[in-house]
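Chemist: Chain by chain, the residues:
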Amino acid sequence: MRIELERRLQVSKLFGFLSPLLALMLALIAGTIMFALLGKDPVEALDAFFVEPLLEIWSLHELAIKAGPLILIAVGLCVCYRSNNWNIGAEGQFTIGAVAGSYIPIVFTDWHSPMVLPLMLIAGAIGGALYAAIPALLKAHFNTNEILTSLMLVYIAQLYLDWLTRGPWRDPQGHNFPQSIDFPPEATLPAIWEDSGRAHWGIVFAIVAAILAWFMMKYTLKGFEITVLGQSERAGRFAGFSSRKMVWFGFLFSGALAGLAGISEVAGSIGHLQPAISPGYGFTAIIVAFLARLNPLGAILSGFVLALTYLGGEAAQLSPGISAKAASVFQGLLLFFVLSCDTLIYYKIRLTWSRVRGGAA
Amino acid sequence: MSVFEAILLTIITASTPLVIAGLGELVVERSGVLNLGVEGMMIMGAVAAFVGAQMSGSPYVGLITGIVAGALFSLLFGFLTLTLVTNQVATGLALTILGLGLSGMIGEGYVSVPGVQLRAIVFPLLSDIPLVGPVLFKQDLTFYLSIALLIGVSWFLFRSRVGLKLRAVGDSHGSAHALGIDVIRTRYLAVMFGGACAGLAGAQLSLVYTPQWVENMSAGRGWVTLALVVFASWRPMRVLAGGYLFGAVTILQFHAQGFGVGIPSQFLSMLPYASTIVVLVIISQNRRATLINTPASLGKAFVPER
Numbered sequence: 395m396r397i398e399l400e401r402r403l404q405v406s407k408l409f410g411f412l413s414p415l416l417a418l419m420l421a422l423i424a425g426t427i428m429f430a431l432l433g434k435d436p437v438e439a440l441d442a443f444f445v446e447p448l449l450e451i452w453s454l455h456e457l458a459i460k461a462g463p464l465i466l467i468a469v470g471l472c473v474c475y476r477s478n479n480w481n482i483g484a485e486g487q488f489t490i491g492a493v494a495g496s497y498i499p500i501v502f503t504d505w506h507s508p509m510v511l512p513l514m515l516i517a518g519a520i521g522g523a524l525y526a527a528i529p530a531l532l533k534a535h536f537n538t539n540e541i542l543t544s545l546m547l548v549y550i551a552q553l554y555l556d557w558l559t560r561g562p563w564r565d566p567q568g569h570n571f572p573q574s575i576d577f578p579p580e581a582t583l584p585a586i587w588e589d590s591g592r593a594h595w596g597i598v599f600a601i602v603a604a605i606l607a608w609f610m611m612k613y614t615l616k617g618f619e620i621t622v623l624g625q626s627e628r629a630g631r632f633a634g635f636s637s638r639k640m641v642w643f644g645f646l647f648s649g650a651l652a653g654l655a656g657i658s659e660v661a662g663s664i665g666h667l668q669p670a671i672s673p674g675y676g677f678t679a680i681i682v683a684f685l686a687r688l689n690p691l692g693a694i695l696s697g698f699v700l701a702l703t704y705l706g707g708e709a710a711q712l713s714p715g716i717s718a719k720a721a722s723v724f725q726g727l728l729l730f731f732v733l734s735c736d737t738l739i740y741y742k743i744r745l746t747w748s749r750v751r752g753g754a755a
Numbered sequence: 080m081s082v083f084e085a086i087l088l089t090i091i092t093a094s095t096p097l098v099i100a101g102l103g104e105l106v107v108e109r110s111g112v113l114n115l116g117v118e119g120m121m122i123m124g125a126v127a128a129f130v131g132a133q134m135s136g137s138p139y140v141g142l143i144t145g146i147v148a149g150a151l152f153s154l155l156f157g158f159l160t161l162t163l164v165t166n167q168v169a170t171g172l173a174l175t176i177l178g179l180g181l182s183g184m185i186g187e188g189y190v191s192v193p194g195v196q197l198r199a200i201v202f203p204l205l206s207d208i209p210l211v212g213p214v215l216f217k218q219d220l221t222f223y224l225s226i227a228l229l230i231g232v233s234w235f236l237f238r239s240r241v242g243l244k245l246r247a248v249g250d251s252h253g254s255a256h257a258l259g260i261d262v263i264r265t266r267y268l269a270v271m272f273g274g275a276c277a278g279l280a281g282a283q284l285s286l287v288y289t290p291q292w293v294e295n296m297s298a299g300r301g302w303v304t305l306a307l308v309v310f311a312s313w314r315p316m317r318v319l320a321g322g323y324l325f326g327a328v329t330i331l332q333f334h335a336q337g338f339g340v341g342i343p344s345q346f347l348s349m350l351p352y353a354s355t356i357v358v359l360v361i362i363s364q365n366r367r368a369t370l371i372n373t374p375a376s377l378g379k380a381f382v383p384e385r
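Residue numbers (the working numbering), protein chains in the order written: chain V, 395 to 755; chain W, 80 to 385.
Since the hints were made in silico from the structure, they are not lab data. Please read these numbers as outputs of a predicted model, since none were measured by experiment. Treat the hints with caution; some may be incorrect.
[As the list claims (entries may be wrong)] Facing chain V, a subset of chain W residues (Cβ under 7 Å, in silico):
1. 159
2. 169
3. 181
4. 378
5. 382
[Stated by the list, open to error] In silico SDA-like pairs for lysine to any residue, Cα to Cα no more than 25 Å straight-line:
6. 379(W) / 740(V)
7. 379(W) / 402(V)
8. 244(W) / 379(W)
9. 742(V) / 420(V)
10. 616(V) / 638(V)
11. 742(V) / 155(W)
The C-beta atom is built at its ideal place from N, Cα and C for all residues, glycine as well.
Here chain V stands alone, though its shape is the one from the complex:
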């Protein structure tokens, strides 16, 4: 049997809509098989993974807490990838954003003011943007591969955070735990509905950012420029757009959002700095962006889907036999299926059973 592709005359709108859903279904089927192979009752496992977390109010709050950073980072990545700039280092920008924002409550411990939190958020976004500026500078002026440089910077950022929290920023009263002082109330992102759960303003930032980015892509000249340069650098140049400036824009934009996500996570749900602050949000956000088909509004929905995999992974660990790693396997599978299903948008797939190639030139 061979698989042959035939280019569609027109991009399929139907599959543009169906492909993420199809991918999700295929990933669920693959997940079922995986659980069965692990010797778990698949129905029970899927229920623990994807249904139970949705049944209680407090766990819906937890879902929003995990979806917030995923959406925020993915919105930046959607815009950046659309412009054909491959920022793979959002995890590092997230980390540096958290560090930059945390500088204020950790260093100025005596400063109590309503200004603290807004300044922290701004510092976080700037920190993330500045960190993303490194691969941008190297790509724009030295022609260096941005995928590799932004990725190397992830490892450097994580080691830097590790050093800070075990060294100069370690809380002397912290019973020798490698973590900073707990942030005071004025440096903490407040909960939205305090009575029912922990969800903080991070998710609101994420949704607002998604709507603004969607508006920019759809209705502004900048959005048009991003799309044109992303599809064809040559065409963009004829239109008078600078691809070099676009490198800067794509990286600073996505870096700022990743940094904001970092400081929101630290100020909102963790409450202090510690050596590990992210369960791989920066990488999972790449899946979020692709599942959303690089549409910022779609990232809201797909962000919640992937947040569910984290939450389900935590919940499922409590039941015996399911690995803590099941969540990341599921995430990887999902990305595979998203990419394969997108092929249906541009091509018709034909299965041929004969060994003879039809009409070979």
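Since the structure of chain V is already known, use the hints to place chain W on it.
Modeler: Relative to chain V, chain W alone:
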């Protein structure tokens, strides 16, 4: 054994996986395919080799399991990018994300289990030569394989007919197709060869470098490998040179810690990553040389017109 000799030996051990995976990826990229999933294939090779060696009790069986695992895992990438023409960059990332998760799951029961080490092969007489003996004739099999691969890949690419076809596919898949070369099949084979090499490199990590299973033990080496191929401007000899350079930086970092240099260990651990960035910048400065050597079809999808 002198300190110098000991350092030299650890540098070789640290460099061998980079050289092996680098040569594999070089062949893949010469065929016009950009597989960013080296990190994922490497870690799958590492876990498969460890489990294989545990179950059989033989490190050599482990080595083979690692190679096979890497090749099979790369087939997933091949199917998506070559048959379904998905974006190569995104698919490579997917391979890495999946590999890191899957290896963690497979290896879960093997954390802190004492490993089976691949021992050095001792040649009578030769191994006793001072300095040269231990360095060249008292290594484990993976070192000899890395040298064999270097010679094999160089010969294959530049001296063999099939290698010429592979380079043609990488430089202009349209023309190669018109000449009757099966572009897709060539690329499938190249991708699987790259996967096998990454798997072998991973096996070296869990059988030689640190004979145990630790989650995420590839620690970015797959990504360094990709930088290495750019650094080498797609030439096998330079992969060897670059691999040893990176290996030396990694080892120097440990020795600096040992000698009590007053720099926090985290900053020393940044060295391999930071130097990768610096090297990439220096290499890509020379735009013309990079353009000449880059396979022209690198990263571009090919769909045969019918």
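Chemist: Check the structure against each numbered hint from earlier and tell me which ones fail, lowest number first.
Modeler: Structure breaks hint 4 only.
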